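Quick mapping for you: the protein sequence lines, in order, are chains E and A.
So the first sequence is numbered by this note's numbering: it starts at 16 and just counts up by one.
So the second sequence is numbered by this note's numbering: it starts at 1429 and just counts up by one.
Treat the hints as calculated values from the structure; they're not laboratory data.
Honestly, I wouldn't trust all of these hints.
[Unchecked claim] Listed next, the in silico DSSO-like pairs over lysine-lysine satisfying Cα-Cα at most 30 Å (straight line): (1) A:K1464 <-> A:K1619; (2) A:K1518 <-> A:K1541; (3) E:K98 <-> E:K200; (4) A:K1619 <-> A:K1518; (5) E:K235 <-> A:K1758; (6) A:K1758 <-> E:K98; (7) A:K1619 <-> A:K1432; (8) E:K200 <-> E:K304; (9) A:K1533 <-> A:K1518; (10) E:K304 <-> A:K1577; (11) E:K302 <-> A:K1577; (12) E:K98 <-> E:K304.
[Unchecked claim] Calculated from the model, a selection of chain A residues having no Cβ within reach of chain E, i.e. all distances over 10 Å: (13) I1444; (14) S1551; (15) N1667.
[Claimed, not checked] Reference excerpt, derived from the structure (chain A facing chain E, CB under 8 Å, subset only): (16) I1573; (17) V1582; (18) L1594; (19) I1716; (20) A1756; (21) A1759; (22) I1761; (23) L1763.
Fair warning: this is a prediction, and the values are worked out from it, not measured in the lab.
Note that the Cβ used here is the ideal one computed from N, Cα and C, for glycine as well.
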Amino acid sequence: MLEVLFIGLSLGSILLLVALGLAITYGAMGVINMAHGEMVMVGAYVTVLSGLWFGTDIFIAIPLAFIVTALLGLLIERVVVRKLYGRLLDTLLATWGIAILIQQAVRLEFGLSFLGIHIQGLGPGLQNVSVPDILQGTFRFAGADINRYRAFIILVTAMLAIATWFVIYRTVAGTQVRAIIRNPKMAAACGIDVTRVNALTFAFGSGLAGVAGVMMSGFKTVFPDMGTSMVVDGFLVVVMGGVGSLLGSVLSAGILGEINGLVAAATNDILARAVVFGVVIAIIVLKPKGLFALKGR
Amino acid sequence: MMSKRRIDWAIYAAFIVLIMLVPLIMDSFWLNRLAKYLVFGMLGIAVALSWGYAGILNLGQGLFFGAGAYMLAMSLKLASSTSLQQGSDKPVPDFMLWNAEPGAKTELCCINKASFLWLPFQSQWFGVAMGLILPVAIAFVLGSIVFRKRIAGVFVSIITLALVLLVRLVMIDAQPVTNGFNGLTDLGWFKLGGFEFDPYVVPTYYLIAVSLSVVLIAARLLVETRAGVILQAIRDDQNRARYLGFDVPAYQTFFFAVSALIAGFAGMLYVIVSEFASPTFMDLSFSITMVVWAAVGGRASILGACIGAILINMISATVSETEGFAEAWKAIIGLIFVLVVLYMPRGIAGLAHDLIDRFITRRPSTPAPAVRVNDPSSQPAE
Chain E
16 MLEVLFIGLS
26 LGSILLLVAL
36 GLAITYGAMG
46 VINMAHGEMV
56 MVGAYVTVLS
66 GLWFGTDIFI
76 AIPLAFIVTA
86 LLGLLIERVV
96 VRKLYGRLLD
106 TLLATWGIAI
116 LIQQAVRLEF
126 GLSFLGIHIQ
136 GLGPGLQNVS
146 VPDILQGTFR
156 FAGADINRYR
166 AFIILVTAML
176 AIATWFVIYR
186 TVAGTQVRAI
196 IRNPKMAAAC
206 GIDVTRVNAL
216 TFAFGSGLAG
226 VAGVMMSGFK
236 TVFPDMGTSM
246 VVDGFLVVVM
256 GGVGSLLGSV
266 LSAGILGEIN
276 GLVAAATNDI
286 LARAVVFGVV
296 IAIIVLKPKG
306 LFALKGR
Chain A
1429 MMSKRRIDWA
1439 IYAAFIVLIM
1449 LVPLIMDSFW
1459 LNRLAKYLVF
1469 GMLGIAVALS
1479 WGYAGILNLG
1489 QGLFFGAGAY
1499 MLAMSLKLAS
1509 STSLQQGSDK
1519 PVPDFMLWNA
1529 EPGAKTELCC
1539 INKASFLWLP
1549 FQSQWFGVAM
1559 GLILPVAIAF
1569 VLGSIVFRKR
1579 IAGVFVSIIT
1589 LALVLLVRLV
1599 MIDAQPVTNG
1609 FNGLTDLGWF
1619 KLGGFEFDPY
1629 VVPTYYLIAV
1639 SLSVVLIAAR
1649 LLVETRAGVI
1659 LQAIRDDQNR
1669 ARYLGFDVPA
1679 YQTFFFAVSA
1689 LIAGFAGMLY
1699 VIVSEFASPT
1709 FMDLSFSITM
1719 VVWAAVGGRA
1729 SILGACIGAI
1739 LINMISATVS
1749 ETEGFAEAWK
1759 AIIGLIFVLV
1769 VLYMPRGIAG
1779 LAHDLIDRFI
1789 TRRPSTPAPA
1799 VRVNDPSSQP
1809 AE
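This is chain A alone, in the form it adopts within the complex (with noise of 0.2 Å):
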């Protein structure tokens, strides 16, 4: 007999061989699409990891997407053909070039006052190491503050959501470094030793694949391990796991940026396959959409919500192809969502595990104990 672990490891499995089959049957357009459902699928495991295992409901998770995206589009629009066809030998942003000043120095050093900021972002893994590191970084002095004054809850929630906003708008002012509203467009192809990740190739797809499947069993190992348990007991009971001596705000802060840092990371894998980054990253809609995603495929489940995400793509792009459904798949996708938020509160992992217990004990189940769904800002105040 099988042991509920091993049917878990069995099913991680399963999804990774699935995923990386698929180029098989699927035509490089349709291998695109999917690559950026599975950037969204990593969306999901960062949810998971903070809402359904730390219980943070972060609902700025787009700002940590949004920086991965932003830090690597700079450095590929650097690399950009329109960057390179100004007519200097050092390659300038082409927005930058339709707003400077007349007279004003087409260089990148000069062209306007913040334009410097560029400079380091010609090399390629400048792009690729502060796409890293600025989210963590975000993270964890935003994680250090709040988690230190023992904010929890809603007010976590309402934090994180305005800051992602605030940053969206300084984001949109700042046009002449960013291109506001427009984002970065036309962008390079992503290198790697001297291969050009062309989004439509079938290497490119097996990145995204392959980065997936790293980050869904780093993350799954990472809650098994020591930290990974004391943080649920955290999140079950926050005042006990601080009476027994835990150092909650670090635990906390850690497996805060650790999901930044994934999000980040999906943040830059969706630059590479979409050729583009735009301040809608950082719309409230997109970061309360990744909740949806990770709720429907279940919160508490590191590969439930990763499969939430891309299952709920998928539909909505196969839907979407017939026209005037579109608008109808956006209302279904509310019902779906309200009536997942009332009667199944642990989304398709929880159908997934109800029946993997029936089929354990073979015999007539008893219903699983429910996961804890009540947040610790509904509890009294300390």
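Pulled out of the complex, with its shape left as it was, chain E reads as follows (with noise of 0.2 Å):
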């Protein structure tokens, strides 16, 4: 029994960690990022890369990944979601657009595929990331047999919620950025710098999500799709916990990871992922603002 609770509880927080990024995104600046996936994505392959050409492992491709996606976040804000504030299913819309041009630029290796020149580690195959070994087997833990990558993942959830929590509800910027969740205009007229914040809101969320990427490329193979039906999965998470609150997509995410754990322990795998679906429609129906909105809006 504490295995399957286990193996929900490390589900949970591999659905936290990509919903961590989207939350902040999502929440704080109301963009639906469906290129959220593509950024796991990214992270992901960083790790494949750096592996491939200097021979690192996965704890300096964290860092690595999170510098990277947050670069391409920023670069996407700047360029598309910028133009598109107070259009919330317009970001949808364009950042399905960019979805699909990432995938596409990993899978042609940017396009040079054309001209003969292949990148190792891109293009459209399955790639694989090795771990190492102290992150392999299991250990025993309270009479159950705890595997240890999954221990690992839950751990890093865990310090990097801890940390989103502190640089929103402890740093000067994040102050201004839960001021912008509240109330844009009212924040701007307050002297807070909107754009700016939101640039560097929109990146630190991206960067979250290449860091989920480095985690999965450790149990998942990698590949230029992965990304889709995370995304989906993440906001699953973020609409079930309220919008705009990091509580509620911790919770939340516990929630569906160990409703996912236990009836795939009872059944099988698909009707686990359908029962979750089931649980958030039947949520969003019944609690439309999540299940801890912010009130007084």
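With the hints as a guide, dock the two chains, each given alone in a separate frame, to form the complex.
Shown next as structure tokens:
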């Protein structure tokens, strides 16, 4: 039983890993970033490429992926998203286009494959990342066999969630972000540089997705389309938790992860995912603002 | 001088004449392809109705398409020769036999636990009726719940999206009845009064083309009715429409169901020309792709969305003939999409309308008032 609960917890932490960045970009900025899954994918490829070229391991890839995806996020915000603030559904559509672009860029090796140049580690094929020895195998904890890598994911997710909480609730920039969540115009009137803060927020959210990608690469095959289903799961977590509520995202990721784990143990993975979708639909219908909505807006 | 409305109808007429004349120049292979794209055009109409006119961005339109497709495909599967050559005089889908438990009775009633669901589909017209009824019923129930609860904007999109993915998973999981991932293949031909619609003959193309024309005109007439105008008022300001005394959820549900009906109809026609139904119809990417077609063609124009769907698919098909270019074309589609959303939110139809305005007024045109692209969810909550 403990093992099942642990698997649920690790599924939940994976959900949260993807949802954290979305909670920030969607909650704070009102941008539905469908390219978020592609940020995860880029993060995973950073792990693959850094391993192939520099022989570095997954620990080095974490900061590296954060930087790469944050810069990519900054670029996307500057070029596209900035023009679409206040047009929620249009951000969804435009970022879907961006998602396709990023996928194809990886698949076509930035177009170089047409010239016959191939970059090792890119392209349409499947890539795998080898996990360092220290994270392989299992250890015994309270009478249950715990997979080391899953435990590592939970640890990293917890650290990222705490870091995000700290940034949002304990720093000046975070206070500004929260002011913008509440009321962007009022925030601007109070002297907050909304465009700058938005750009940085978007970059931060994208960077978190990059780290999620590094973690994914350790136990999933890496390929150009890997992000599409993740972004959906991430959104369901954020919407169920309540837009703009970090705590809500954490709890809903935990709930959905446990439901997924328990149902999967009882039946199969496909039905488990179906049940998760059903729960999310029911909750959105019953509480459209999510479990932990901001009040007083 | 022609009125704008007359020009609009003239363009509709020209489009219909054009698709009717195509068989004169195309061979049967391309005609079959074009028939599929006309079906996608019908999906464009469905998206334009719910998104452009009702302001409901349904990211699960594939659910209705898939429902229509599967219902007819079940009937056509039973009519297929593969279902009759199994040593029984009553049809049984071949995949059920492959997976049957040893010793199971090879009849539709009891070959496996849920196979009895297939029994009524021995009649083709039951499949046709269900293909229309099921999407409408789903849309009606969903719409009644969602719109009565005043759920709007992105939340509707997320609910529809989650629902289509849920149904897709259930369909895959119910392998004994639905053939799971593989879907229903080797279907028989649709029959109408003794005539068999071989997907590669001209009459089948006309079945699709006439259906599309009827749907196109009906949808256009529908949005010009009083209900259609009220619907647009609801899209632009839901609260004001409510204060004026209109039963907002009733209008939204009605048009949501009409959109579902069109999508389900399109699903059935697609099965007739493509001879298969599969869970890929309910993939997220397919539902979003439909929205892309409508956005490029013009989300607030019924004909625009239809033409957008046909054009994008025609170009894709042509380009994909060149090997290696198909992947690059996908990237170009992504780019086009970003550019359309950023700089041309009214799509091809918007451009066309600007040109017509210029033509009518015959003076340096003033920029046409931009269509409202901000969605209701971005407005302050009630």
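*Starting from the hint list further up, note which numbers the structure goes against and sort them upward.*
7
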